Amino acid sequence: MNDATHAANATGLKVVGQRPIRPDGADKVTGRAVFGADVHLPGMLIGRVKRSPHAHARILRIDTSAARALPGVKAVVTSDDFPRVGSEALEQGEGSATLVDVADNCLARGKVLYAGHAVAAVAAVSSEIAERALDLITVEYEVLPHVIDVEAAMAPDAPLLNERLFTAGVTPRPTTPSNIAQKTVVARGDVAKGFAAAEVVHEGRYVTVPVHQGYIEPHACVAWAGADGQHQIWCSSQGHFAVRAMCAKVLGLELRDIRVYPAEIGGGFGGKTTVYLEPVALALSRQCGRPVRMVMSREEVFLASGPTSGGVVEVRLGAMKDGTIVAAEVTLKFQAGAFPGSPVGAGSMAALACYAIEHAVVTGYDVVCNRPKVAAYRAPGAPIAAFGVESAIDELAVILGMDPIDLRIRNAVKPGMKAVYGASFREIAFVETLQAIQAHPQYRAPLGPNQGRGVAAGFWFNIGGESSAAVHVDEDGGATVITSNPDIGGSRASMAMMAAETLGLPIERVRATIADTTAIGFSALTGGSRVTFATGMAVVQAAQRVVQDLKRRAALTWECEADQVEWRDGAAYCTDASKEVAPLSLRDLASRSARTGGPISAEVSLNAQGAGPGFGVHVCDVEVDPETGRTTVLRYTAAQDVGRAIHPAYVEGQLQGGVAQGIGWALNEEYVYDAKGVLQNPGFLDYRMPVASDLPMIDTILIESAPNPRHPYGAKGVGEVPIVPPLAAVANAVQRATGVRMRALPISPPRLLAALDGEG
Amino acid sequence: MSRVRIEAVVNGEPVEFLGGTRQSLLDALRDELQLTGTKEGCGTGDCGACSVIVDGRLVCSCLMLAPEADGRTVETIEGLAKNGVMHPLQQQFLEQAALQCGFCTPGFLVAAKALLDRNPDPTESEVRYWLAGNLCRCTGYDKIVRAVMDAAAQMRAAGGAR
Amino acid sequence: MSEQDYVEPATVGAAVAALAAARGSTRLLAGGTDVLVQLRSGRVRPDLIVNLRRIPELAGVRSEDGAFVIGAATPCAVLGEHAALARAWPGVIEAATLIGSKQVQGRASLGGNLCNGSPAADSVPALIAAGAVALIDGPAGRRECPIEAVPAGPGRTTLAPAEILVAIRLPARPVRSGDAYLRLIPRTEMDIAVVGAAVNLTVDAAGVVTAARVALGAVAPTALRVDAAGAALVGSTLDAAAIERMQAAVRAACRPIDDKRGTIAYRTQVAGVLAGRAARIAHQRATQGGQA
Amino acid sequence: MARLLSAVDEVRAFTGTADVIDVQARTVGGLIAELERRFPGLGAHVQQRMAIAIDGEIHQDALAEPIGPDSEVVLIPRIGGG
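Protein chains in written order, with the working numbering: chain A, 66 to 825; chain B, 7 to 168; chain C, 75 to 366; chain D, 52 to 133.
Okay, chain A solo, but in the shape it has when bound (with noise of 0.2 Å):
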């Protein structure tokens, strides 16, 4: 069972480390809660988009006249209906992409960089008819020699997705063009002299494929143009002040002029940080006046919107026989897809985060082809990076004939010492996260034939940032919680909690909710991990000074000093003996707050720094079939260094979807092309996702031992760690089932049978 050693109750603490029911599940289980496809508008059209059936095509024109004049379409856009934009950086998530690139994913301008890539859309009165004005639309296409994998899209003789593309962060600038659109170096000390020293030196090419990050509710949204020029935004998304900015950015209009609403969210893990669909809704809507809802079919998703890179790894460690990791070596080669922007600068400093090494240098290229442009999934670019570097140290840790956990505690890093990306660790539990793996009963069960057991570990840095919430306190001593970070994990859950904690309330009188752009100020999106940290940092902040608040009131209502009163267990004590005072409840000076200044409320902004790093230990018990390859995952569990849980069940939550998504990544997810670069299997039935029937119960271990001090409750992101070991665990599991090393992934039946043959 989950092993939650939460110290939450050894400090006093009522709410926060308690499991409450989250404020706003009812509507979920009920199917009341409204997505964005369940948006619903009088006079609403239903928009529908043309997409390229070429991979890489000029394209020499466009008619949409017959479209324009099917009866019942009502409007008809191509990248000729938004303005011509600049390359200024837009913050997205994890993916730094630039304004006209977006704006060119949104609607192709000149050219289609994949097949699947938007070229035209329409707003009819059903779907049956945008359909038809779809096919009604023509595009004559000059067909170009496209490339998908990212070695062949590094040759010189590659086809060019981009005559303009310079490989940046090479000296002296290069003069020719290349798909190879950034080089990235982190380095240490003098790795030459490493090597030099090991007594043990083992390599490896390690290489994974495309995966999508698979959320089951599709890219939905409703636009309406107002005839003032004031519009409104329905959408599914990881954070609608950024979908404003996006679509204020592409249509060249004002901030002030959008209004984005947040409905509820059916997954994203990155995925949902860009925008596909708002700014083409809002350029029909702008067209005809009406509102526009427009849905992307599963086939679109994966056709279209961003999945991970396919990558490569190499990797060269120098050991000590003492197993001491004196050297390490890695460059990484991602796939970006049709724009610049992969994760390559993230996984190179995730890459070796875990281990103390002194000479190390990280080497990484990103690179375009012609697949969608990759998005953020969840620790963007560690899990690529360390399926390599995790295999690695696994195969080194056969070599010198040590426990692999042991090896990983040898090279820790522990707090005070230095990461390999610069900065150093403060409160950090990895050792004591290695160690649990090791003392867990998993770890030392007996194993049967063609078994195996494969463990690995994970980082990820978690971040800040801006964020925005407000408190307020109603006439019955009741509060709400205001944020604008849309609640993808039970969010709403944990800022209800921290609010409770702080004025002293029971959960039941708390209430949570997602404000649109204009009801709440403005916050970063929902990702990195980041919003119980940064947004439950504002909400303690905003609750602190309604505490501060009541007190004031309830000095002035005793007539003492405002230092003479305690505000404990939701109430407000005077500690002047000389006054016999009853206490006064927030139910008390709620009812009477207009005869002490008017409504109680609070709202925070602020950019919160000081986020602390996760490290996660996973290990993995697999029986592989040797007839037929087929891989079965007997047993997992998942320790990770959490701070302190807020709400424990979703911390697992997180930790439970992280490692299934994982385990997918590493035994059967993969895009497959044909030789004209068509994507073959867009769809949930040959995209092949774990289901419930594939995996076991995934058991979980908080390590609660090192709280982050800059969180008023000691939290730490926990969302994205858990999928960063899954793939080298599996991997290492089958290498100890099989005695055979599966350096590509996924690990499917045909790829391993192919391998235990000798073939591999």
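If you are wondering where the hints come from, they were derived from the structure by calculation, not from laboratory data. A hint or two may mislead.
Which chain B residues face chain A? A few, computed with CB under 7 Å, are given here [claimed, not checked]: (1) Gly-62; (2) Ile-83; (3) Glu-84; (4) Ala-103; (5) Gln-106; (6) Cys-107; (7) Cys-110; (8) Arg-143; (9) Cys-144; (10) Asp-148.
It should be emphasised that the depicted structure is a prediction, and the values quoted were computed from it without experimental measurement. Note that CB positions come from ideal geometry on N, CA and C, so glycine has one too.
Fit chains B, C and D to the given chain A structure using the hints.
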């Protein structure tokens, strides 16, 4: 596509609506009857988010034509709670955090109800294989399976299915 | 499409008449689990859809002196709950109840699985191994043919334009018979078979195989009956040598393709593995309970 | 005087080869102005594309954050999240 008159009993209520002969039952429930609790995740019967129960049989509403519902009973997520009182499955999903984003939850609840109607005491494996047609990307299924088994136990203790 | 583009005939005759009278393209609907997907993707745009689910003859299971007659539109979930059928033909029922999820099982039918013409259809190898017979009706009246005569290639059957598959008859079978179906899918559910293998055999009192039929899925343009494989088992008690002979015959018969689900080498290799395992299960079922 | 380190070569593009620089600054804002003065373009680059770790704690866009006299300041690429 022509439209035909359809009479069905949805969540115990007789309804009458016009449905297209190429319109799926899923689209009819959502666009004609405004019952948006049933979701489209794929439109090809591979994700289970559109699960409904027709004449007692668990099906994907995206794989049925609207006219096929004529004369039949349809149960959707909106009908699981009776008179505003949540079904034990709904309660257990909330208490055990068996949902995160909640998009797949309606499909899981309807499918789990169909299971417990048939098998009041399922093993973990029986729950997992019955629910294999419902994809979830957030939870890793652990808490969903536990919530279904605990709801089954709660219902057995309370004397059988409601 | 002004005139009727969707009909639900109440009898086989009315259905055949509707098909014969249709001017444009037509599509039959039983469970709809393939047709709806094709409609949604735009791969098919039939002018007329004929829904067969309200025709009594195509629904339900009847047993006639040991044989079973299964209505072509009967949902596989119903077959899975039919105790006598499941006891008599565990292999056929295994195959039928592997098709898709529980939700798909609530609609998908053996008739649809057969007439959709997918080489990887799960139920077709088991029906072929069982020696099942297709009962067909059309303008030229009723006819019968072995199941293996129906598929003609990916997405194609030998049925004439206005013909309808009415039912599938599983023959009465001698005592001490057993059948089994296995398939290879990367996950544990929800995938289309990369390879499928069915074995149906009868043994004598000593457990020696007196009759055997082996059929494969997803290794040729249609499901494949492999007579040489069946013959390799006859006269044996499934000793290792007999199994290897049978596996060699199976692999020799495979003509698979490389596609997004599997490679030629993989399908050929695993077809032998599954056929061997299915044979052992069928033999065990035959010697244990035999046919009730 | 704060000791500035960088492990990332995108900084070396501005500073030539120096990985360790001593910089006179009491806040992050002051540091960025000083870097812009001594290595034209580096200040703007750090402002837009990088984060700053002061004694191990990462800060982004925190111009007012104080820098102690013997603080260790590290320039690292800006980190996002998925």
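Hint by hint, here is what the structure shows:
no.	hint	in the structure
1	Gly-62	violated, 20 Å
2	Ile-83	holds, 4 Å
3	Glu-84	holds, 5 Å
4	Ala-103	holds, 4 Å
5	Gln-106	holds, 4 Å
6	Cys-107	holds, 5 Å
7	Cys-110	holds, 5 Å
8	Arg-143	holds, 5 Å
9	Cys-144	holds, 5 Å
10	Asp-148	holds, 5 Å
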